[in-house]
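2 protein chains.
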Amino acid sequence: MPMNTSFKTSLKTIERLCVYRRILRNIETDGIDNIYSHQLAKLAGVSAAQIRRDLMVIGYTGSPIKGYQVSGLLNSISEFLDKPGCQNICIVGVGNLGRAILAYIPGRYTHLHIVAGFDVDEHKINRVIVGCRCYHINKLSEIVKEKNITVAIIATPAENAQAVVDKLIASGVKSILNFAPVTLKVPEDVFVEYMDISVALEKTAYFAKCRRE
Amino acid sequence: MPMNTSFKTSLKTIERLCVYRRILRNIETDGIDNIYSHQLAKLAGVSAAQIRRDLMVIGYTGSPIKGYQVSGLLNSISEFLDKPGCQNICIVGVGNLGRAILAYIPGRYTHLHIVAGFDVDEHKINRVIVGCRCYHINKLSEIVKEKNITVAIIATPAENAQAVVDKLIASGVKSILNFAPVTLKVPEDVFVEYMDISVALEKTAYFAKCRRE
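These protein sequence lines are chains A and B, in that order.
Each number in the numbering used here corresponds to the 1-based position in the first sequence with 30 added.
Each number in the numbering used here corresponds to the 1-based position in the second sequence with 30 added.
Pulled out of the complex, with its shape left as it was, chain A reads as follows:
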């Protein structure tokens, strides 16, 4: 997927730290207190050396005897990824996909709050949909500024995505998670993460075909 080159160095590290955190939260729930780098490596599908390199970035070191302390490592990763505090998020497009994303997210993130949804459908305006207050797209600039929203999720049709993104950026959004099947034009200092379901499915199907041949 296209991505802004200025972020390339740490992009993969950040992604892996998010994966480690997801795994650590699960094993903490299971009552496990310590984990060795090779065990975490296996769960994350990477090498133990990779784990150690990534945790060096956040300044966390384990003990050769007990490995990593799960709660301590979780705190260190969260400190690194989440501080200095909460971030407000909006979602644009509250159709099938937007609703699925909203249903998927609440409760998982203490530092990420989806504080507004935007849509053009009059039936959705001023309603709370899957826990999220929905506004008319005309209010986008106003609400984004008022609520200090810095992250946006795009779940609009492809043809509307660029216009929406231009407005979001003009209103202060710095980072975008894009589900619309379209490459966005953004300034150098804005980050875009692409989640293109159609491209992912085509790629997956291609490899099934190769395996069958």
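By construction, these hints were calculated from the structure, which means they are not laboratory data.
One should not assume that every hint holds.
Copies of one chain are not kept apart here, so a pair can be met inside one copy or by any two copies together.
Unchecked claim - PhoX-like, lysine-lysine: derived pairs with alpha carbons at most 20 Å apart: (1) K42 to K239; (2) K169 to K215; (3) K169 to K197; (4) K215 to K72; (5) K72 to K169; (6) K113 to K239; (7) K96 to K72; (8) K239 to K177; (9) K197 to K96; (10) K42 to K177; (11) K113 to K72; (12) K197 to K113.
Fit chain B to the known structure of chain A by using the hints.
Chain B only, in chain A's frame:
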């Protein structure tokens, strides 16, 4: 994200070819017949040299004067990605996310058919949901073999994903698009593409935070 190393060489090329196809379909709909590599590069967010290298893989060359012929290039990419023919796909988990995926996909792919959905919810069994016949998860092995399904989409809760994937692989599935927030253990010859919404959102939020600081 973790990925099977044996596919690494061509993974990015395949992904980019899927993106080029998406773009070419759009511009063909807009009535554009020819496109230069630098124009396609701009729309895809990659370099023109990258485009030329990728198209060399599929054996397509443009004209220095007219650039690439859109319909010819589309055919070449599709020939490369889709042949020798149709592939049958199933989706496991027909909840919010599963339904959103189903709503997103029909009509876009002539060579990819979602022929079965699986769920544990009795209310969904034997119903057609967003165009897809839904079966009980107990029927998974039987239906996957009967319909020659080689690609599966996982939209189950995290805790059910691995058991489902084990069954799918035992029944002949070779390639998996995984939306469940969990790293899957699969044999070397099975491909997994991860679409982890929570990791994507955390990563996006991290970069917004960096831009704000």
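Each hint, compared with the structure:
1. For the homomeric pair K42 and K239, the shortest alpha-carbon distance between copies (17 Å) is at most 20 Å, but the shortest distance inside one copy (28 Å) is not.
2. Taking the shortest Cα distances, K169 and K215 never come within 20 Å of each other, neither inside one copy (22 Å) nor across copies (46 Å).
3. Taking the shortest alpha-carbon separations for K169 and K197, only the intra-copy value of 11 Å comes in at or below 20 Å, while the best inter-copy value is 48 Å.
4. In this assembly of identical chains, K215 and K72 lie within 20 Å of each other by CA distance solely across copies; the values are 9 Å between and 37 Å within a copy.
5. In the homo-oligomer, the alpha carbons of K72 and K169 never lie at most 20 Å apart, since the shortest distance is 47 Å inside one protomer and 31 Å across protomers.
6. For the identical chains of this complex, K113 and K239 are inter-copy neighbours only, at 8 Å across copies versus 44 Å inside a copy, given an alpha-carbon limit of 20 Å.
7. When the C-alpha separation of K96 and K72 is checked against a cutoff of 20 Å, the pair qualifies only within one copy, where the shortest distance is 17 Å, while the shortest distance between copies is 51 Å.
8. Taking the shortest alpha-carbon separations for K239 and K177, only the inter-copy value of 15 Å comes in at or below 20 Å, while the best intra-copy value is 48 Å.
9. Taking identical chains as interchangeable, the C-alpha atoms of K197 and K96 are never at most 20 Å apart, the minima being 51 Å within one chain and 35 Å between chains.
10. Proximity of K42 to K177 under the C-alpha cut-off of 20 Å is found in neither arrangement, the shortest distances being 30 Å within a copy and 38 Å between copies.
11. Taking identical chains as interchangeable, the C-alpha atoms of K113 and K72 are never at most 20 Å apart, the minima being 28 Å within one chain and 35 Å between chains.
12. In this homomeric assembly, K197 and K113 never come within 20 Å of each other (Cα to Cα): the closest approach is 27 Å inside a single copy and 41 Å across copies.
In this structure, the earlier hints numbered 2, 5, 9, 10, 11, 12 are contradicted, and the remaining ones agree with it.
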